[in-house]
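> Each chain is listed here by its residues.
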Amino acid sequence: MTTLPLRVDGAAKSFGKVQALAGASFEVRPGELLGLLGPNGAGKTTVIKAIAGRLQLDAGTVEVFGRVLTLRDPRPDIGLVPQELAVYPLLTARENLEIFGSLYGVSKADLGKRVAWALQWSDLNDRANEPTKRFSGGMRRRLNIACSLLHQPKLVLLDEPTVGVDPQSRERIYEMLASLRQSGVSIVLTTHHLEEAEQRCDRIVIIDHGTIVAAGTLSELLHSALGNARSVDVRLQSPWPASASRPDGWRVSDDGRVLTVPVANLGKDLAAVLARIDGAGAEVGDVSMRGSTLHDAFIALTGRELRE
Amino acid sequence: MIGTLLRIGFINLSRDRVAQALVFLLPIMFFSIFASIFGNQRDSTSKIKIGVADLDQTDYSRKFTAALAEEGGLKVRTTENEDGTGAVLDRAKAEGLVKNGTVPVAVVLPKGFGSSNRFFSRDASAPKIELLADVSDPIAPQMVQGLLQKVSFTAAPDMLATEGMGMLEKYGGPLTAAQRSSMQEWQKLLADQVQNPDVKAAASNLGPAIEIVNVMQPGYGNVSIVSFYAAGIGVMFLLFSCSGAAGTLLDELETGTLGRLIGSRLGMSGVLFGKWMFLTLMGILQLTVMFTWGALVFHLPLASHLPGFFVMTLFTASAAAAFGLLLATLCGTRAQLSGISTIVILAMSAIGGSMFPRFLMTDTMQKMGLVTFNAWALDGYIKVFWREAPIIDLWPQLLVLTGLCAVFLTGARFFARRWETL
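Protein sequences appear in the order of chains A and B. Sequential numbering from 3 applies to the first sequence in this note's numbering. Sequential numbering from 195 applies to the second sequence in this note's numbering.
Mixed in with the good hints, there may be bad ones.
[Stated by the list, open to error] Covered stretches of chain A (chain B as the covering partner; in silico rule of three or more C-beta atoms under 8 angstroms from a C-beta of chain B):
#, region
1, 47-60
2, 79-87
3, 99-112
[Stated by the list, open to error] In silico SDA-like pairs for lysine to any residue, Cα to Cα no more than 25 angstroms straight-line:
#, chain 1, residue 1, chain 2, residue 2
4, B, Lys-364, B, Ser-310
5, A, Lys-135, B, Ala-213
6, A, Lys-19, A, Arg-31
7, A, Lys-156, B, Arg-459
8, A, Lys-115, B, Phe-347
9, A, Lys-156, B, Met-195
10, A, Lys-19, B, Arg-612
11, A, Lys-135, B, Ser-310
Derived from the structure by calculation, the hints contain no laboratory data. Everything numeric in this text was worked out from a predicted model, so none of it was measured. The C-beta atom is built at its ideal place from N, Cα and C for all residues, glycine as well.
All chains should be built: construct the whole structure from the sequences, respecting the hints.
So this is what it looks like as structure tokens:
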């Protein structure tokens with residue numbers, strides 16, 4: 003039986019009256035990229051910190067490569083990439099890498115090679131000797147990730163690794179992560195970019211109110227959250243009449259001209275939908291159908307209310 | 195591991211011009227200003243300027259004026275301009291100089307001044323010396339008045355003898371021819387002494403001989419006050435630079451690098467220990483630069499007090515470093531640290547004697563000062579540079595500084611606990 007890189011079981015943590023984690027359980031399989039999604043305040047960062055040993059759980063366990071860890075246990079197999087750009091602005095990229103490599107236990111004999119690898123891997127060779135305060139956000143993000151990998155962890159935790167970077171840098175970061183996975187590293191990342199999670203992650207875990215509300219591949223999530231439902235977009239000739247009522251689940255665009263309607267069985271339900279629109283006094287201009295997305299599943303699982 | 199933290203600290207310091215200015219340049223500037231005002235940089239500008247209007251123009255009044263000019267604490271002019279040009283001063287011109295602020299005091303020697311009795315009796319009708327004074331300066335008139343008293347006796351000892359003889363004959367009967375001849379010989383000797391610059395000092399030595407002996411630092415002159423300000427300003431800025439540099443903890447907290455450091459093998463205790471080491475080394479460097487500047491520019495006797503200096507500097511810097519860490523861990527933001535440290539350090543420096551020597555304060559203030567870090571550090575430096583105390587005599591100061599260092603570090607570790615789980 004293969005040892006799992008990570009198993010979190012029944013993790014619970016409260017801050018005063020606020021329960022950040024309420025028995026969250028999930029696992030990471032060898033070599034996979036797991037997306038940890040959830041609304042703001044759902045408990046993502048809390049669970050990441052608990053795994054990294056920065057937080058004492060009230061209850062539950064964190065098991066890394068078969069070993070249950072306490073708060074004080076060293077975690078040489080884990081690399082934590084914080085959401086903040088945690089590099090020294092007055093130090094060069096090379097100096098930052100040398101310093102964090104040294105602090106995370108890389109021997110002097112290996113440090114030079116690892117730093118050279120990290121500069122190459124993060125595409126910062128040309129700027130290696132410049133203070134990082136002159137770097138763009140994307141460059142600092144890449145360096146931020148590289149600083150956490152010098153000790154060659156087998157499990158990498160990334161907290162919002164692509165926040166605030168342009169599409170090119172984001173693409174580069176995912177290329178970097180793909181090359182890591184090829185070397186057998188397992189990755190957990192939190193993100194608010196649902197499309198990214200949909201496209202890049204092997205499996206997705208959705209957390210809300212401190213518990214895991216769904217976990218699985220994209221198709222498993224869609225099926226568990228939405229069943230066979232599909233969405234139909236109906237473009238109207240004129241805005242949806244304000245006086246007309248709508249069945250639950252029907253959504254109207256801001257300009258009132260597009261209706262999004264969930265249908266469980268397209269063949270049977272579409273005619274009834276069109277008849278209902280006609281009965282409300284609206285005229286159909288066009289009808290298009292699309293498959294459900296992670297966004298639909300996420301909203302279905304976590305609701306539409308704001309959390310902050 | 196600790197070496198890595200020291201490397202971060204020194205790289206940051208070497209690339210941060212503002213921090214360098216705060217640590218090295220600003221203390222030297224302040225120290226130079228204080229040392230120039232109170233120390234051995236005194237020159238002619240610190241003498242009291244006076245104008246003398248000699249309306250008498252007698253032999254005695256001229257000797258009197260010349261004797262005033264010889265006084266080290268006075269800069270005398272008898273004409274409108276300082277360089278001796280311009281009209282000779284009369285009463286109106288002398289008064290004008292006082293009124294327009296050119297001199298704080300003017301002396302008017304009236305007509306008949308040289309011919310009236312002045313040493314052993316004073317006629318009610320005898321002309322009086324006028325001291326025209328700007329009373330906004332409370333020191334100068336008093337000092338000039340004292341010097342006038344002295345000079346009136348020392349300017350012309352031969353005339354003093356002449357008047358004395360006259361009084362003796364008036365009340366004791368006339369002298370014999372032999373006595374008169376001897377007295378005239380003595381008078382001539384006195385007059386010659388006044389004119390001869392080599393023996394001029396002897397002529398003014400009326401009354402008991404007095405010599406001021408510097409028992410604290412024979413041979414160093416005014417540098418004692420310079421060493422006081424080197425220590426006073428040095429310790430105050432040491433506290434400022436340590437609290438400022440300890441604020442990197444708050445910067446690191448904000449950027450997330452503190453999380454990386456805590457997450458490494460160092461842990462929070464290691465991080466604090468590394469920071470304390472860096473701040474201590476920076477403090478030693480800062481005080482060494484400061485005292486070296488004092489030695490080069492203000493002749494502070496650093497070379498002859500090196501062991502005491504290094505012992506005091508080591509203990510002072512380590513306690514100041516711990517104090518900086520305590521302040522930083524008490525605060526939540528850089529802005530908060532900046533405000534609190536400014537208030538606390540300025541208050542401690544004022545009470546603790548960094549700005550004004552504690553030995554010039556009242557007893558109550560001196561006792562109050564002992565609650566501050568500055569007072570103990572300064573007492574140690576004063577023992578080294580003023581009292582020539584051996585290192586063993588520094589034990590009370592070193593003990594208190596070590597105790598404060600331990601308390602500050604313990605407090606910093608306690609308050610830093612909240613960051614371990616961020």
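> A separate judgement is required for each hint: does it hold in the structure or not?
Status of the hints after comparison with the structure:
1. 47-60: holds (count 6)
2. 79-87: Since three or more residues must qualify, the claim that chain B covers the region 79-87 of chain A holds, with 5 doing so at under 8 angstroms.
3. 99-112: holds (count 6)
4. B:Lys-364 with B:Ser-310: Given that 25 angstroms is the threshold and the Cα spacing comes to 15 angstroms, the pair holds.
5. A:Lys-135 with B:Ala-213: Since the Cα atoms of A:Lys-135 and B:Ala-213 sit roughly 17 angstroms apart, the hinted pair holds (cutoff 25 angstroms).
6. A:Lys-19 with A:Arg-31: violated, 34 angstroms
7. A:Lys-156 with B:Arg-459: holds, 18 angstroms
8. A:Lys-115 with B:Phe-347: Since the Cα atoms of A:Lys-115 and B:Phe-347 sit roughly 90 angstroms apart, the hinted pair is violated (cutoff 25 angstroms).
9. A:Lys-156 with B:Met-195: holds, 23 angstroms
10. A:Lys-19 with B:Arg-612: holds, 18 angstroms
11. A:Lys-135 with B:Ser-310: violated, 85 angstroms
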